[in-house]
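Trainee: Here's the letter readout for the chains.
Protein chains: 2
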Amino acid sequence: MVSLSLTHLHALKTHGLKQKDILSSGLLLRGYLHDIQRRGQGFLDLVHPSDVTKDIVSYAKKVRGSFEHIVVLGIGGSALGVTALMQALKPLSWNQIPASKRGGPQLHVLDNVDPELIANLDSILNYSKTLFVVISKSGTTPETVAQYLYYKKKMKKVAAGTSFKKHFVMVTDLEKGFLREEARREEFVNFPIPDNVGGRFSVLTAVGLLPAALIGIDISKLLKGASKGADRFLTTEIADNSAYQLAHAQYLLQQRYGVTTTVMMAYSSALYSVADWYRQLLAESIGKAVNREGKDVHTGLTPIKALGVTDQHSQVQLYNEGPYDKLILFLETKSFRSKVAIPSTGANERSFAFLSGVSFATLMHTEQLATQEALTAYDRPTANISLDRISEESLGELFVMLEGSIAFLGEMYGIDAYNQPGVELGKVLTKKMLLGSH
Amino acid sequence: MVSLSLTHLHALKTHGLKQKDILSSGLLLRGYLHDIQRRGQGFLDLVHPSDVTKDIVSYAKKVRGSFEHIVVLGIGGSALGVTALMQALKPLSWNQIPASKRGGPQLHVLDNVDPELIANLDSILNYSKTLFVVISKSGTTPETVAQYLYYKKKMKKVAAGTSFKKHFVMVTDLEKGFLREEARREEFVNFPIPDNVGGRFSVLTAVGLLPAALIGIDISKLLKGASKGADRFLTTEIADNSAYQLAHAQYLLQQRYGVTTTVMMAYSSALYSVADWYRQLLAESIGKAVNREGKDVHTGLTPIKALGVTDQHSQVQLYNEGPYDKLILFLETKSFRSKVAIPSTGANERSFAFLSGVSFATLMHTEQLATQEALTAYDRPTANISLDRISEESLGELFVMLEGSIAFLGEMYGIDAYNQPGVELGKVLTKKMLLGSH
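Note that the protein sequences, when read in sequence, are chains P and E. Using this note's numbering, you'd call the opening residue of the first sequence number -11 and step up by one each time. Using this note's numbering, you'd call the opening residue of the second sequence number -11 and step up by one each time.
Read the hints as simulated data drawn from the structure, not as lab findings. Any given hint could be a false lead.
As the list claims (entries may be wrong) - Straight-line C-alpha distance at most 16 Å; calculated EDC-like pairs for lysine to aspartate or glutamate:
| hint | chain 1 | residue 1 | chain 2 | residue 2 |
| --- | --- | --- | --- | --- |
| 1 | P | K327 | E | E337 |
| 2 | E | K141 | E | E174 |
| 3 | P | K142 | P | D110 |
| 4 | E | K420 | P | E361 |
| 5 | E | K216 | E | D228 |
| 6 | P | K419 | E | E337 |
| 7 | E | K327 | P | D110 |
| 8 | P | K89 | E | D110 |
What the hints assert, rightly or not - Computed list of chain E residues with no C-beta within reach of chain P, every gap over 12 Å:
| hint | residue |
| --- | --- |
| 9 | K153 |
| 10 | E175 |
| 11 | V177 |
| 12 | N184 |
| 13 | T354 |
| 14 | G410 |
As the list claims (entries may be wrong) - In silico negatives: residues of chain P with every beta carbon more than 10 Å from chain E:
| hint | residue |
| --- | --- |
| 15 | Q25 |
| 16 | P37 |
| 17 | K50 |
| 18 | E131 |
| 19 | K140 |
| 20 | L162 |
| 21 | E163 |
| 22 | R168 |
| 23 | Q268 |
| 24 | D313 |
| 25 | I330 |
Ideal placement from N, C-alpha and C gives every residue a C-beta, glycine not left out.
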């Protein structure tokens, strides 16, 4: 279960929001929901199990035990969701756990074209035991295509004849693009990405679900949680609609006080990569030059990912004392999957009496509470997203809640939250420069 | 070698700086240098080899081959420097490379108290082959003390009698604090941290140098580069003083255009953790409620770490089209340690002609150039820090250049760049809450 708390905002002297500020817009909520559904974006439809999810489960079952390494070739929305899922739902440092204890394949998400990254991965991979999951919605993403070409050539040397095709799976557009053509030509197993789902909203398509299933994550539970998230997103009762409340708080804080930055501060290492996933979602969706009327607006909320307690020793000085431009959004779990007691220092160490009988879990929770109280004392806006526990269900619900909040933000700002026109120029210039250098 | 380029700033229409803006303050530079040296901060003294660096080298030599795992217990400034060093100077995914190919111990930097992190690390460590490096300047950091108590108890069960003490090294204050007392009591090997060096400026003390040496990094070369950085920092010729130029650009962009955010965008996976290290340096040093006269100022430049090309698919939409509040500071290497060719798609794939004959290194460089050209076309401020190559020397020089730029920023803003009063309240509340819960 996922819950949102905005109560700390109510306690602030000069940069706060009252409960009535956040809840007093019932008619707007209905209109926004109507508009969002009218736009035909597919992210809400993904919460229902489909033939594709069935195929994913049976493919994952079929290849179980065949591979030691799963390598995702993908970037941006094709990489961030699965990374968040692995970090949250598998033991931390999964790839470093000895194979005998791990009980599942390593997962490497290759989301860059850095040659050093590629060269070093080669010292880890055993090609004959490696499955490449190639993910690109368009099927033409240059970075992913380049990686695919590299590993195709390598694999051709290792796996001859018909065994070659077992080492690749394609996740791409149903009809068009280079990867789709390759899937046909080489007879790769493949999974489609729906047309009306953008990359950053695609974690519940095969993009996220296939690699998740391959490392043993229960995707039916993920969808069950997501479905709950969708129900809550669609409720017209503001008091029950966390997605709306979060968006409204972010919007009002920006409009009233110039709070342009949302720091998602995870108090759980397992949830840290969710902040990375959210970083794309917020930045690309709301960072826009023009509104729906074509007027220059240069909107944007800048996402920052942070990690408790670690960043108390790095960023909290700035958050407490610096400019009043940040909302600190705590992402927390009410229960850790381990407790781990802190041993006593012994009777003569009075200065550490506060640690006596305390677990690491309690220390973590208490430091978060204290950090939030301190931020409140410094008159800094904070809010809490709480998972009752980290599970497939709560992750599914969380993804949809955050996607929903972004959809609401798009309506509040009157911008198109689903496009990304500002990245085209860089792509065009890259091609031009490379062709020019030949 | 490390160089700074601000030329892209000169080309901007509305948010730029001319060369004369940046260079026209020779007298100020002298005054700043004078003031910085007067404050008695020790980070510049660290660039010279000392007895401590000699002891580190001989200790690292002595224990070479004895351990499979080095575990650093430390947080904030006690963790970020060594993480940056490992990621830059050892092969990426170092810990995941099979031991037979790795040629050195794994290094785990445990910079959090998350119980799941601690529990999972236990499934990786072989205690009888593990060395714990316990780092805390005060010797009383609760997170690090709690970790130490945990591993001390575990190790007592594994390593009996005199062999126990071989598994711990302390890096802490020379005289006082719990860890110093423990070092005396248990006769641990130990290294001091100078009094006049703050945590975030301590990478070139034993804090960074000891773990670096333990995984085979040449710390004498690191200091050689640092020494070059210190010489350049102390030059009164603005045109030769990169640290000053960078600080001045950041300061002017903030004062003139409200550019409150510095995005350090590494175009190299190996350099990405340098951005994390810089994040603490900038945030804690410049995020201050009051200036040296005690007046409320709430200064601060918000650091963001980003990674090219990955974040082109996540953050660049916002950087190009969103609010005009960011300086994008590219951190780049002129040469990668691997090239890796991209195989051809074959003659009938005209749409990927631009990749033909291109290496991943060239693709990476070209995408960076194109991204910067696009940002410039969108009138966004950018600058470049370039390493001729990633090496001990260039890292050492880079650290000092960035530390120096922070020292200059402190003088420009008239604030104390070396304290962190804003983190005390959270610490006090944590202790109070934990004692209250007993």
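Trainee: Does each hint fit the structure? Answer for all of them.
Mentor: To see whether the hints hold, each was checked on the structure:
Annotation: proposed proximity of P/K327 to E/E337 is violated, straight-line Cα distance about 56 Å (limit 16 Å). Taking the CA atoms of E/K141 and E/E174, the gap is about 13 Å. The hint holds against a cut of 16 Å. Of the pairs offered as hints, the one joining P/K142 and P/D110 holds, with about 10 Å between alpha carbons and a cut-off of 16 Å not exceeded. For the proposed pair E/K420 and P/E361, the alpha carbon gap of about 12 Å is at most 16 Å, so the pair holds.
Taken as a hint, the E/K216 and E/D228 pair is honoured in the structure, with Cα atoms around 12 Å apart against an allowance of 16 Å. Proposed proximity of P/K419 and E/E337 is supported: the alpha carbons are some 15 Å apart, at most 16 Å. Between the alpha carbons of E/K327 and P/D110 the distance comes to roughly 13 Å, so the proposed pair stays at or under 16 Å and holds. For the given pair, P/K89 sits about 11 Å from E/D110 by alpha-carbon distance, which is consistent with the 16 Å threshold.
Consistency note on E/K153: stated as away from chain P, and its beta-carbon is indeed over 12 Å from all of that chain's, at 17 Å minimum. At the 12 Å boundary, the C-beta of E/E175 stays outside the reach of chain P, the nearest C-beta of that chain being 17 Å off. With 12 Å as the threshold on Cβ separation, the claim that E/V177 sits away from chain P holds: the shortest Cβ distance comes to roughly 21 Å. With a least beta-carbon separation of about 19 Å from chain P, E/N184 lies farther than 12 Å from that chain, consistent with its non-interface assignment.
Not every CB of chain P is more than 12 Å from the CB of E/T354 (nearest about 5 Å), against its label as outside the interface. Here E/G410 does not stay apart from chain P, with its beta-carbon only about 4 Å from theirs, under the 12 Å limit. With a least beta-carbon separation of about 24 Å from chain E, P/Q25 lies farther than 10 Å from that chain, consistent with its non-interface assignment. Interface exclusion of P/P37 from chain E stands, the closest Cβ pair being 29 Å apart, more than 10 Å.
P/K50, annotated as away from the interface, keeps every beta carbon of chain E farther than 10 Å; the closest lies near 27 Å. Some Cβ of chain E comes within 10 Å of the Cβ of P/E131; the nearest lies about 6 Å off, and the non-interface call is violated. The claim that P/K140 is not at the interface with chain E is violated, since a C-beta of that chain comes within 10 Å of its own (minimum 7 Å). Once the 10 Å rule is applied to beta carbons, P/L162 is consistent with being away from chain E; the minimum gap is 19 Å.
Distance check on P/E163: its Cβ is at least 16 Å (rounded) from any Cβ of chain E, clearing the 10 Å threshold; non-interface status holds. Every C-beta of chain E lies more than 10 Å from that of P/R168, the closest at about 13 Å, which supports listing it as non-interface. Listed as a non-interface residue, P/Q268 fails to keep its Cβ farther than 10 Å from every Cβ of chain E; the least gap is roughly 4 Å. A beta-carbon of chain E comes within 10 Å of the beta-carbon of P/D313; the shortest separation is about 7 Å.
Not every CB of chain E lies more than 10 Å from the CB of P/I330, the least distance being 5 Å, so the non-interface label is violated.
Of the numbered hints listed earlier, those contradicted by the structure are 1, 13, 14, 18, 19, 23, 24 and 25.
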